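*Asks:* Protein chains in written order, with the numbering used here: chain A, 665 to 863; chain B, 665 to 863; chain C, 665 to 863; chain D, 665 to 863.
Since the hints were derived computationally from the structure, they do not count as laboratory data.
Please note that a few of the clues may not be correct.
Any copy, or any two copies together, can satisfy a pair, since identical chains are not distinguished.
Unchecked claim - In the SDA-like style, the derived pairs of lysine to any residue whose C-alpha atoms are separated by at most 25 Å in a straight line are:
id : residue 1 : residue 2
1  : K722      : E677
2  : K808      : K846
3  : K813      : M799
4  : K673      : K706
5  : K706      : G809
6  : K805      : E838
7  : K852      : E766
8  : K706      : Y764
9  : K846      : Y764
10 : K794      : K837
Just so it is clear, the structure is predicted and the values come from calculations on it, not from any experiment.
The residues making up each chain are set out below.
There are 4 protein chains.
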Amino acid sequence: MPRSSEQNKQIREKTKKRILETARTLFAKNGFHGTSISEIAKEAGISKGLTYNYFKSKTEIVEVIFDEFLLDAHNFFEVINNYSDPYEKLTALIESSFDYIEYAEDQWKLNFSLILQPQVMKLARSQMIKFYDEMLNEIEKVFKGVGIKNAASEARVFGAALDGIGMYYMMNKENYPLKKIKKHLLKKYSKEELQKTFR
Amino acid sequence: MPRSSEQNKQIREKTKKRILETARTLFAKNGFHGTSISEIAKEAGISKGLTYNYFKSKTEIVEVIFDEFLLDAHNFFEVINNYSDPYEKLTALIESSFDYIEYAEDQWKLNFSLILQPQVMKLARSQMIKFYDEMLNEIEKVFKGVGIKNAASEARVFGAALDGIGMYYMMNKENYPLKKIKKHLLKKYSKEELQKTFR
Amino acid sequence: MPRSSEQNKQIREKTKKRILETARTLFAKNGFHGTSISEIAKEAGISKGLTYNYFKSKTEIVEVIFDEFLLDAHNFFEVINNYSDPYEKLTALIESSFDYIEYAEDQWKLNFSLILQPQVMKLARSQMIKFYDEMLNEIEKVFKGVGIKNAASEARVFGAALDGIGMYYMMNKENYPLKKIKKHLLKKYSKEELQKTFR
Amino acid sequence: MPRSSEQNKQIREKTKKRILETARTLFAKNGFHGTSISEIAKEAGISKGLTYNYFKSKTEIVEVIFDEFLLDAHNFFEVINNYSDPYEKLTALIESSFDYIEYAEDQWKLNFSLILQPQVMKLARSQMIKFYDEMLNEIEKVFKGVGIKNAASEARVFGAALDGIGMYYMMNKENYPLKKIKKHLLKKYSKEELQKTFR
DNA sequence: TATGAATGAGCCTTCATTCAT
DNA sequence: GATGAATGAAGGCTCATTCAT
Chain A
665 MPRSSEQNKQ
675 IREKTKKRIL
685 ETARTLFAKN
695 GFHGTSISEI
705 AKEAGISKGL
715 TYNYFKSKTE
725 IVEVIFDEFL
735 LDAHNFFEVI
745 NNYSDPYEKL
755 TALIESSFDY
765 IEYAEDQWKL
775 NFSLILQPQV
785 MKLARSQMIK
795 FYDEMLNEIE
805 KVFKGVGIKN
815 AASEARVFGA
825 ALDGIGMYYM
835 MNKENYPLKK
845 IKKHLLKKYS
855 KEELQKTFR
Chain B
665 MPRSSEQNKQ
675 IREKTKKRIL
685 ETARTLFAKN
695 GFHGTSISEI
705 AKEAGISKGL
715 TYNYFKSKTE
725 IVEVIFDEFL
735 LDAHNFFEVI
745 NNYSDPYEKL
755 TALIESSFDY
765 IEYAEDQWKL
775 NFSLILQPQV
785 MKLARSQMIK
795 FYDEMLNEIE
805 KVFKGVGIKN
815 AASEARVFGA
825 ALDGIGMYYM
835 MNKENYPLKK
845 IKKHLLKKYS
855 KEELQKTFR
Chain C
665 MPRSSEQNKQ
675 IREKTKKRIL
685 ETARTLFAKN
695 GFHGTSISEI
705 AKEAGISKGL
715 TYNYFKSKTE
725 IVEVIFDEFL
735 LDAHNFFEVI
745 NNYSDPYEKL
755 TALIESSFDY
765 IEYAEDQWKL
775 NFSLILQPQV
785 MKLARSQMIK
795 FYDEMLNEIE
805 KVFKGVGIKN
815 AASEARVFGA
825 ALDGIGMYYM
835 MNKENYPLKK
845 IKKHLLKKYS
855 KEELQKTFR
Chain D
665 MPRSSEQNKQ
675 IREKTKKRIL
685 ETARTLFAKN
695 GFHGTSISEI
705 AKEAGISKGL
715 TYNYFKSKTE
725 IVEVIFDEFL
735 LDAHNFFEVI
745 NNYSDPYEKL
755 TALIESSFDY
765 IEYAEDQWKL
775 NFSLILQPQV
785 MKLARSQMIK
795 FYDEMLNEIE
805 KVFKGVGIKN
815 AASEARVFGA
825 ALDGIGMYYM
835 MNKENYPLKK
845 IKKHLLKKYS
855 KEELQKTFR
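Could you put together the complete structure from these sequences and hints?
*Replies:* The following block contains the structure:
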């Protein structure tokens, strides 16, 4: 008697998830071209062939991973928009950003690899651009809301800083004072400080 | 008549340089693993075999390229130190940074690839860390010199912003307002503005 | 309530038949090596695994298909032998041959593939040789019966022509004048014509 | 010092030829899908990788082989057209055909495999059709020239017979009376016999 | 110095077959 | 009887590297 379709679904979901997680980590670490399907399969504890029961190509794996990121990104905006107070929005934004650097490190690295090598996944670039545009718009609105001048340029510099921080952190995780910087920014962009500056 | 040893030396240097330049461009574009020696050789107009007359492996090529960058970086510090006035230093620093993004785009991309994938070149990481440490120290000193508070953290955020800007620029060169941002930062960190803020 | 063994038997036979028909078509179209078990199973509307419940290997499938052909071939001889008049036999033979080309195209193609690539199914070759020997003997007898000289060689040429026609037809089904050729041969080898020539 | 370009050319030609010959034999024996590049390389005494220095894909190999056949076919027509006497033409045609079966057995088998599986090489089919059309036209003209009635249909049957003979021969080379059949046909279609029949 | 033929390891992918359910 | 997840060998192809010249 065959497995019930429910059983199969569970097996598939579990295995698929394991492949995706392993792949994300390895792609992040060694890049797309630097990661082999053998490696992914071995690390995920399955046979090489099985990978192709779940994804029709190595490229599809990276695409699915990226799609998952886009979902995440979408959620991020929803979270931010839960706040109506611009000061709270700003705080949430900074917190999310630092959290993402720390807790979704692999995805973060992978995203930047994809930015640097758009050949790997053509669509990633345009979707990434779209994501950053929305992000910067959001920041700009918030900046305007809290009275920061030159909000457009400042938002760009601010966004760049957040990602630059991610980069520095990736370079030297053990020693980078991520918490300290986070605290610094949270204070600098707190209601209290901002009102002091722009009163 | 055989070539004089002087001629040979010149030929060697010219060929070596061409290989390095080609490799840098291709590594930047397609990544280390995404670039083949054949491609480099063909693009450089030489035979595959000859490449191994100049470099003992593909890895060595990237190492030499990185070494050249380090030399460049060294020069950068010298340039900055030509100025004694911290305001001038700061301006020079911003200008250099934006210039580098624009005019050494390939090297810039390659560097970030190496940061994201330290496996490709083990040594790069530590040297990169060292470079950034010096850089951030320099900025910190300058920041202190111009009276910025929390100079250590601010320097880190500032440095991160400069690199983040580079990243955004790479992602969307056609549309990124690099000049505008540059102008914005030059103004924001100009003597006039800084003295206004910190008077 | 479990199925009765009679029901099971019927299911088995139906499924087996569907597998064989699907396989024959696909083998004919894409060759033995060019056809996968997955493809056969999918096309037959069953699971991959079930195929192995009916046949112990891909090779066995082609063997069973070929065995069925041999049965068919045996029937062919019986049909021919229903006629006692050699002229009628000859007509029946030509008609059968053309019918087979047209209505058992897949089997026809498969047979010729097996002739060209005996490695796929070792036994096919000897059985095919046997079949053709009997066929040519039959033709030879008929030719003798209608007074054709050099019956042995003529039979071989005639048999070859019939198969050659099949080949040409397969090459260019839309344009090949199969009906016209059939008519031509039926006339050429009709009692009337043969008696005219050999009177 | 590098090899002279003449030396390289010779090496390339020799190796390429060896690959093509090996491939033709193996394709003929086991079919396109049943032959691996490894096998070809091993049989040709070279490494797998080197094959790709000469052909960019397995498909290209079969295409080049087929192109060589087309050249041969072209030559065939030239040879036939050297004769002006239709009787001589007919004799030459029969002789060439039997020679080809015997001495270009591999190519013969490969051609028929390609006819049976047009998927392998799309172009083969149309070119083969063209070749056979020309061939049958040629035969038809000759048949008309020697006074055979229903020349169009007879030419088709005759051509089919020649290929059918090839098929039979391939099936059972040791026992097939190729020479005898050849002699039979040469006599049957000799000037003497034809004039006897159609006088 | 320079070439490009040659190698062999390794990559992505397919597929016949097995097996737990 | 039936399913489809899983395996492992093999296939097509690429590529860093070597070597004869």
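*Asks:* Evaluate each hint against the coordinates.
*Replies:* Checked hints:
1. For the identical chains of this complex, K722 and E677 are intra-copy neighbours only, at 18 Å inside a copy versus 31 Å across copies, given an alpha-carbon limit of 25 Å.
2. Taking the closest pair of Cα atoms, K808 and K846 come within 25 Å of each other both inside a single copy (22 Å) and across two copies (20 Å).
3. Taking the shortest Cα distances, K813 and M799 sit within 25 Å of each other inside one copy (18 Å), while across copies they are farther apart (28 Å).
4. Proximity of K673 and K706 under a CA criterion of 25 Å is satisfied in both settings, with 22 Å inside one chain copy and 20 Å between copies.
5. In the homo-oligomer, the alpha carbons of K706 and G809 never lie at most 25 Å apart, since the shortest distance is 51 Å inside one protomer and 55 Å across protomers.
6. Within a single copy, K805 and E838 get their C-alpha atoms only as close as 35 Å, which misses the 25 Å cut-off; across copies the closest is 24 Å, which meets it.
7. In this homomeric assembly, K852 and E766 come within 25 Å of each other (Cα to Cα) only inside a single copy, at 21 Å, whereas the closest approach across copies is 30 Å.
8. Neither within a single protomer nor between protomers do K706 and Y764 lie at most 25 Å apart by alpha-carbon distance, with minima of 28 Å and 42 Å respectively.
9. For a Cα distance limit of 25 Å, the shortest separation of K846 from Y764 inside one copy, 12 Å, qualifies, whereas the shortest one across copies, 28 Å, does not.
10. When the C-alpha separation of K794 and K837 is checked against a cutoff of 25 Å, the pair qualifies only between copies, where the shortest distance is 14 Å, while the shortest distance within a copy is 29 Å.
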